[in-house]
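Starting from the known structure of chain L, fit chain U onto it as the hints suggest.
These protein sequence lines map, in sequence, to chains L and U.
Numbering of the first sequence is given in my numbering, commencing with residue 1 and proceeding in unit increments.
Numbering of the second sequence is given in my numbering, commencing with residue 1001 and proceeding in unit increments.
Incorrect hints may appear among the rest.
[What the hints assert, rightly or not] Subject to a maximum C-alpha distance of 25 Å in a straight line, what follows is the list of computed SDA-like cross-link-like pairs (lysine to any residue):
(1) U:K1046 to L:E225
(2) L:K58 to U:P1212
(3) U:K1133 to L:E304
(4) U:K1046 to L:K79
(5) U:K1071 to L:Y297
(6) U:K1071 to L:N37
(7) L:K175 to L:I242
(8) U:K1133 to L:W271
(9) L:K202 to U:G1177
(10) U:K1046 to L:I242
Quick caveat, the hints were computed from the structure, so don't treat them as lab data.
As a plain string of letters, each chain reads:
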Amino acid sequence: MDRRKFIQQSAIVTAGISYMPSFLSAKEKGNIVLGHNNKRYRIDTKWGALDFSRYPVKDCHEMVQDSQGRIILLTNETKNNVIIYDKKGKLLTTWGAEYPGAHGLTLFNENGEEVLFICDNNRHQVIKTNLQGRVLLTLDYPKETGEYSKAEEYIPTETTIAPNGDIYVADGYGKDFIIQYDSKGKYIRHWGGRGTEQKHLKNAHGVCYDNRDNNNPLLIVTSREQNAFKRYTLDGKYIDTIALPGAWVCRPVIHGEFLYAAVLQSQSRLWQQSGFVTILDKNNKVVSNLAGSIPTYANNTLDEMYQTVKAFQYPHDVCIDDEENLYVAQWNSGHVYPYKLTPVV
Amino acid sequence: MMKNILLIFLCGITCSLFAQDTFQLAPPLLKYGSIFFTGKTDIAIKFAQIGTSVHYTIDGNEPTVNDLIYKKPITITNNFTTVKAKAFGKNFRPSETVAVTFINDGRPIQSVKQTAPNSKYPGSGFNTLIDNKGGIEQSSSSTWMGYNCDTVSIHLNFANPQQVNKVLLDFLQNESGWIFLPEKIVVSWFDKSRNSFQKFGTIEINSDAETPGSHCVYKVIESKAGFSTNIIVADILVKKNMPAWHAAKGEHAWMFIDEIKVY
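Here chain L stands alone, though its shape is the one from the complex (with noise of 0.2 Å):
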């Protein structure tokens, strides 16, 4: 077996091992404030709690927020791969059992009807539900890019809609993609990819539509293990890159003037539980690193982040809801239940 890809599934097995401490840590006291400046929270790391044995979860991979306050997380524990919060941590509801690599979870609010984007690693395919999780629409492995022999090449880790409908697909864990259809799922093209040019992504684990300027509408693309963002025209053009020395982002989540992401890992302490989240101001500097180093430029060159406080292992994703509290779901952290972060005021 490869050795790369032995450790990412060995990582796996070892969520199981793990759940003790997590389960101990559940139990932190919220007296410590984590992130700088204007961004600054306290955690309750027992706000998604619930009973194991009714409402398991293996990674907790992403969070939306609806428009009825619900917190939504998706995770790829076939026995409820959706569940429905309220604001309180209060369990809703519950669907999906065909998802066992539900990875990206995407909401779209779809002339009045929300609708989720899920997308599935082990399925290789991109499916859109109503959020009672009735299915709409299967996006299958893009053929029509001619980059794909077949379905196992291809492993959907995001998705971004624009307001036209437009779907871009991340194949974040697959060929680095990006490919945008139509509303429809009509394929319309494809950029980014694998190589050595700026344009090019390695680890294209998410995507999000930027439209904190209404002029200039664009895609922000995750370049994970190049510890970066890119941007992209809404047709694929490379516009730039964002460096994020050190950190390990995922997807970036827009939400007002900011742009919130969990770091899985810092580059400096690989595969030991070093992750944190970090926050971007509109003009996309790092502002605030939760439970990670200070944030400091030096010749507008960002200096190298870390974790510095051990109050997440591996963040996965992040949610802010309409009040501004931030929550944070966790890949292979011992079956951890997402944490809410309320901020300090």
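Using the frame of chain L, we list chain U on its own:
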């Protein structure tokens, strides 16, 4: 019944203990170009967390709050100096200790030849093992030559005969990543008068117990008498079967090496 009450009581104590628990600090980052140096080297420590300080020692002792607070880069001149650093802060549990040993140059080596490494981990050219670069804990660093064959031979040539008492080899140990210390290292020296190789020394390494994390580990093969020679050969036996506790038990392990020195 009594048993149950006792259990509940014990559980209560345990829970209340953990309720007072706080987060642990992550270990500080030791920053250096290489653990190998000539004459002197500077080591920086990074830990940008408000309300904490990093304490360090260079005498091998475990750092405490009574030890030096890190403020500016530490200059090292002595061979085999170990820098140990630990972060402390109110409201946090202290970090784990990070420790790195810095190694001064040895006898001048004119050239090195070694078994070709696996093409995935080729190092950085023919001088990789004598370039004074290394001690980086990440297997992706180009300072490492990686092997998954059974035996690796390294031949060192000196321009003039050198008195050799010690041979040092620096390895990577990252067992969850399949990288183990070798099983055995056999060092020989070339005896010109007899026109043959003679035994210098041997060490065996036991990796039966698990070592978590990723570390650089140097091994020294010593000969008290020492020998004057212009050729030294190190034969390294790579671990063939990973131990029973490993998730890939029985598979062939890897051996990563970045430097060889003689003293």
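Hint by hint, here is what the structure shows:
For the hint pairing K1046 of chain U with E225 of chain L, the CA-to-CA distance comes to about 22 Å; that is within 25 Å, so the pair holds. Proposed proximity of K58 of chain L and P1212 of chain U is supported: the alpha carbons are some 23 Å apart, at most 25 Å. The suggested pairing of K1133 of chain U with E304 of chain L holds, with an alpha-carbon distance near 21 Å, which does not exceed 25 Å. This hinted pair does not check out: K1046 of chain U and K79 of chain L have alpha carbons roughly 44 Å apart, beyond 25 Å.
Using a Cα cut-off of 25 Å, the hinted pair K1071 of chain U and Y297 of chain L holds, with the two alpha carbons roughly 20 Å apart. At most 25 Å may separate the alpha-carbon atoms for a hinted pair to count; K1071 of chain U and N37 of chain L meet this at roughly 24 Å. For the hint pairing K175 of chain L with I242 of chain L, the CA-to-CA distance comes to about 21 Å; that is within 25 Å, so the pair holds. Simply put, K1133 of chain U and W271 of chain L have alpha-carbon atoms about 24 Å apart, close enough for the 25 Å limit, and the pair holds.
Proximity of K202 of chain L to G1177 of chain U is assessed by CA-CA distance (about 21 Å); at most 25 Å being required, the pair is judged to hold. Proposed proximity of K1046 of chain U and I242 of chain L is supported: the alpha carbons are some 23 Å apart, at most 25 Å.
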